[in-house]
Amino acid sequence: MAPVASRKTLIGGMTVIGLVMLWFGLTTLTGLVTSARFPSPAEFWLSLKQINGRGYAGSTLVSHAFHSLKLVLMGFAVAVLTGVPLGLWMGWSRRVEAFVNPVFLIIRPIPPLAWIPLAILWLGLGDAAKILVIWFSAFVPSVINAFTGVRNIDKPILEAARMLGTPRWRMVREVILPASLPMIFTGLRLSLQASWTTLVAAELVGALVGVGFVLNMAQQDIYPGMILVGMVTVGILGWVTTLLLARVERRALAWNVAARD
Amino acid sequence: MGSISFRNVDKVFGQGTGGVKALDDINLDIADKEFVAIVGPSGCGKTTCLRMVAGFEAASAGSVLVNGRPVTAPGPDRAVVFQQFALFPWKTVRENIELGLRNKNLPVGERNDLVASALKLMNLETHVEAFPHQLSGGMQQRVAIARAYVLDPEVLLMDEPFGALDAQTRVVMQEELVRLARHNPRTVLFITHAVEEAVYLADRVAIMTRRPGRIKEVLDIKAVRERENWDSHARIEDVMDLESFVHLRTHIWKSLREEKGFKDV
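Protein sequences appear in the order of chains V and Z. Mind the numbering: the first sequence is residues 1 to 261 in the numbering used here, read in order. Mind the numbering: the second sequence is residues 1 to 265 in the numbering used here, read in order.
Just so you know, the hints here were simulated from the structure itself, not pulled from any lab data. Quick caveat, the model's predicted, so the values are computed rather than measured.
Among the chain V residues that face chain Z by a calculated CB cut under 10 Å, a handful are: (1) Ala161; (2) Met163; (3) Gly165.
The list that follows gives simulated cross-link-like pairs (lysine-lysine, DSS-like), each with its CA atoms no further than 30 Å apart: (4) Lys70(V) to Lys49(V); (5) Lys155(V) to Lys21(Z); (6) Lys33(Z) to Lys254(Z); (7) Lys21(Z) to Lys254(Z); (8) Lys222(Z) to Lys254(Z); (9) Lys120(Z) to Lys104(Z); (10) Lys104(Z) to Lys33(Z); (11) Lys104(Z) to Lys155(V); (12) Lys91(Z) to Lys155(V).
From the three backbone atoms N, C-alpha and C, an ideal C-beta is built for every residue, glycine too.
Input sequences plus hints: build the corresponding full structure.
What follows is the structure in structure tokens.
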């Protein structure tokens with residue numbers, strides 16, 4: 001196991017180094033790509049130094065990033081805490097499904113980003129509007145996957161629990177929830193991705209702080225180095241949060257054979 | 001006490017003209033502490049019979065009684081052992097066995113004692129904290145049997161419990177079940193399509209016709225077993241060699257062969 005894993009890391013590292021070298025070659029070395037189109041590594045570094053020191057678009061990179069991270073986590077949390085229970089409930093009760101599904105069918109085709117103007121109209125350029133939009137976008141995958149998780153539970157498992165005389169609340173906590181957990185986590189992963197996408201879009205359209213705001217400012221300043229800083233920052237934040245979620249998943253699903261690979 | 005009665009039971013799946021009649025006028029009485037096996041061709045509705053006693057399905061006509069009372073819902077007085085084990089994969093062996101006792105609100109001390117004796121009974125003591133996926137099929141079915149036995153149910157319902165096991169494991173489990181059934185007799189309804197298994201385990205064997213399933217014949221195995229002293233043989237293969245065993249087996253085989261739908265091994 002270990003040699004295979006380290007080999008994978010090695011190859012991955014080589015790919016990254018190769019890409020950086022290609023970047024350096026195309027910009028600084030040969031000048032095939034001019035700095036008006038894409039920044040060179042040196043320009044990227046200067047932009048990074050600027051935003052970390054003097055700051056850019058009102059504050060330093062760390063506080064922009066922290067602000068965006070905070071909003072994503074809040075929106076994601078609200079979406080998961082409302083979406084997963086609703087999905088479980090819909091999966092469990094045909095009546096609830098019949099009741100909620102029409103609403104879903106109408107709302108689902110509307111891309112989450114299309115809610116941004118309305119959210120800004122309602123709540124302004126502050127945090128509340130962003131959380132609302134993240135909630136709209138991250139809610140749907142949480143609901144749908146929790147719902148599917150319940151519907152896909154092996155029938156004999158439910159019958160065994162009923163045969164053992166399991167009372168309703170224990171049934172939810174100790175049977176329905178854990179049995180749906182693999183699907184719920186699939187939903188959480190999609191919700192997290194949706195949260196980042198939506199947040200950056202919302203900050204691009206209207207914000208006073210945040211990574212999306214940095215991108216928007218840099219675009220208006222025609223400042224490719226800073227644009228790249230913003231992009232890389234969003235990439236790293238998305239990557240780290242996904243990694244953390246995967247860790248939680250591995251711990252929660254230690255019993256699951258399929259998840260162990 | 002744990003008697004089971006089928007009274008003029010019909011079962012139709014679906015509705016109207018699209019309905020399929022699965023069971024036709026089933027009548028069968030199983031006495032307290034009696035071990036009855038139902039054999040029949042695939043799709044004859046034998047599992048449906050068990051599922052009605054368990055409370056998973058309702059009869060379309062007639063009544064299914066346990067201790068003279070109609071079955072209305074599943075419950076721990078009728079423990080089920082499923083063909084595919086149906087263990088909770090997120091619970092350890094102990095937690096799987098314990099759930100039914102927790103549902104009964106037994107005090108912790110009593111619960112632990114019962115779980116310990118069930119673990120011992122099924123030789124699971126070395127795997128208490130394992131998860132189901134870490135166990136072989138045979139071990140998983142031991143857990144399922146322990147989970148059912150620990151409830152001390154009036155009725156034990158076994159739905160082809162060894163059908164998913166390999167041949168060797170199957171033999172071991174059959175011998176263990178005989179040991180359990182003789183030492184701690186209780187009412188068992190056992191569904192199988194394996195004729196030898198039915199003859200080896202049961203007090204009586206009910207043979208069903210192909211769909212719509214009817215009870216074709218009920219054979220008294222216990223009388224033969226006691227007369228010929230089968231239980232003096234510890235090994236299943238020795239019992240299976242006895243002339244009285246072979247005779248019964250062949251009789252059931254022939255009876256099943258007359259049913260066109262019978263294609264099983």
